[in-house]
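Each chain, letter by letter, is given below.
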Amino acid sequence: MGAEAAAALPEVADVYWRPRVTAARLRRRERIWTLYTLAHVIPFIGTAALLMLVEPLAFAVAAICLVHAWIIPALYAQRGANVLLPRRVRPSGEKAERVSVGLLGDLVSHEARELHARTGLMIERGTLGTWVVGPVGAVLVRHGGRRADCWCVRVADPDLPSGDRIAHLLLALRSDEAGFATVANLAFSGATWRVRRRTRSAGRSALDAAAKSPR
Amino acid sequence: MSRLIRMDSSGHTTLAEWTAHDAEAVDRAVTAFREQLDRGYFGMVSRGEGHAEQVRELPVHAELVIMRLPISGG
Chain A
4 MGAEAAAALP EVADVYWRPR VTAARLRRRE RIWTLYTLAH VIPFIGTAAL
54 LMLVEPLAFA VAAICLVHAW IIPALYAQRG ANVLLPRRVR PSGEKAERVS
104 VGLLGDLVSH EARELHARTG LMIERGTLGT WVVGPVGAVL VRHGGRRADC
154 WCVRVADPDL PSGDRIAHLL LALRSDEAGF ATVANLAFSG ATWRVRRRTR
204 SAGRSALDAA AKSPR
Chain F
34 MSRLIRMDSS GHTTLAEWTA HDAEAVDRAV TAFREQLDRG YFGMVSRGEG
84 HAEQVRELPV HAELVIMRLP ISGG
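Chains as they are written, first to last, in this note's numbering: chain A, 4 to 218; chain F, 34 to 107.
Next up, chain F with everything else stripped away, as it sits in the complex (with noise of 0.2 Å):
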């Protein structure tokens, strides 16, 4: 089970659960995944320790995708 979620107030919060083979939860999770990045978030993919990938379509067979957002110097 692959999972969307935004980094928020809460901690986080799950926005879809697909699998690849579900075309309907699949459809879900790319409308929600394009919602976030309308709203200036991004999306970005872990590929394991020290690596992360930002992504422009939502990757579905990556198991987590993770929105967050911008950062600016402080």
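Pulled out of the complex, with its shape left as it was, chain A reads as follows (with noise of 0.2 Å):
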């Protein structure tokens, strides 16, 4: 063939300060998140509790206190399930999105691309879990389905039809997997069902295609 490949991503020179992602630092990156999403909530509930135990006329507060140990982990899930939301597809930009779809559907499987005919998301099947592909990012859903992490990645060019972008990604994901998540900034770590309750409709299907995936 006479090409000369390059097993690592280029892109992570650009992020040299990150350790590469490895199963294993996956997995601690994902009980620090467990641990930061309890320590948000735990304080909160202590305090409630603490109130009403101590002044039950202080129920408000106490209600307070349980509305931030809900809506903290919640808007963290939100930020992670925003990754699957689809790009505003602009009119004149209607051939160059279907273009970019055929080109998409040239590289994966019949139920790939019925999936994303449906959702507009790509599954892809990797080592670390099955990786749910939009324009803006991507969710890993690890096997077994329970767990999500969700990545905010990106291409510089802002003028890229939906389906190149998703390409795109991809494509730095099929040649390293471990690279590609090096690269990405994870943007939220939790439950699936987290993050499943956050998306719209087709993000749900895709989560649910996802989570069903053998390993």
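No lab work stands behind these hints, which were simulated from the structure alone.
The structure displayed is predicted, hence computed values, not measured ones.
Don't take each hint at face value.
What the hints assert, rightly or not - Which stretches of chain A does chain F cover? Using the computed rule of at least three CB atoms under 8 Å from a CB of chain F, they are: (1) 13-20; (2) 96-103; (3) 107-113; (4) 157-169; (5) 182-193.
We put the beta carbon where it would ideally sit given N, CA and C, even for glycine.
Assembling the complex is the task here: the two chains are given apart, and the hints tell you how they should meet.
Listed below in structure tokens is the structure:
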């Protein structure tokens, strides 16, 4: 073939300070996210409980504490779910969208094409789990389907149609999954249901398909 | 017939087409490929479902070579 192949994603060099993602490192980051969430929730719930014990008339303040315990993790999960948002298509860009989706379709299976037609998202099986790839990011649904890691990742050209955006991410992911996860920014890590309930129906379908995907 | 395409705002643009035994067409494709590398694109070849490979030289026997832009954390 005469082609010189490069195993690692070249973009990894731009984030030289980040350790390359491995299954063990990712698991550690997931545990840290869980602890971080608990660190937000437990003090507020504890304060609410203490207030009710000491002074039941302070129920309004206790309720505010409980709202904080709920809303802070909810906002993080929403940030994660946002990586599956679709991009708005300009009327002038409809032809480019069709062309880009045609190219994307050439890269994937019939099953994945069908899912994209329904949801605007692609799923891709990897070694870390199954990826749901959208135009502005990707969600890694871990093996077993219970945990999801949401990654913000983009292509620099703002004029690219969404099919091409997904194709960019898909090709990068396929060439170096660990490198892809190293370059992307982890926006959220937590239970898949927390992401699922905050996505649109298209995102839910894609997450369900990823969760059911065989290992 | 092999194709070199670039993903861009039009969806994609075909930059070159060649067959391995047409030396002139291969030369044109190699030149076009190098121009895109100089512009900051990366060459990618799909290796079947779930696999892709970045290439730094034009793989003459590949059916489809796709030029993509760098990605970054959003």
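Hint check:
With 4 residues bearing a CB less than 8 Å from a CB of chain F, the stretch 13-20 of chain A meets the requirement of three and the coverage assertion stands. Counting residues of the stretch 96-103 of chain A whose beta carbon lies closer than 8 Å to any beta carbon of chain F gives 7, which meets the minimum of three for the stated coverage. Closer than 8 Å: that is the beta-carbon criterion, and the stretch 107-113 of chain A has 4 residues meeting it against chain F, so the requirement of 3 holds. Coverage of the stretch 157-169 of chain A by chain F holds in this model, with 9 residues showing a Cβ closer than 8 Å to a Cβ of that chain against a need of three.
Look at the stretch 182-193 of chain A against chain F: 4 of its residues bring a Cβ nearer than 8 Å to a Cβ of that chain, three or more, so the hint holds.
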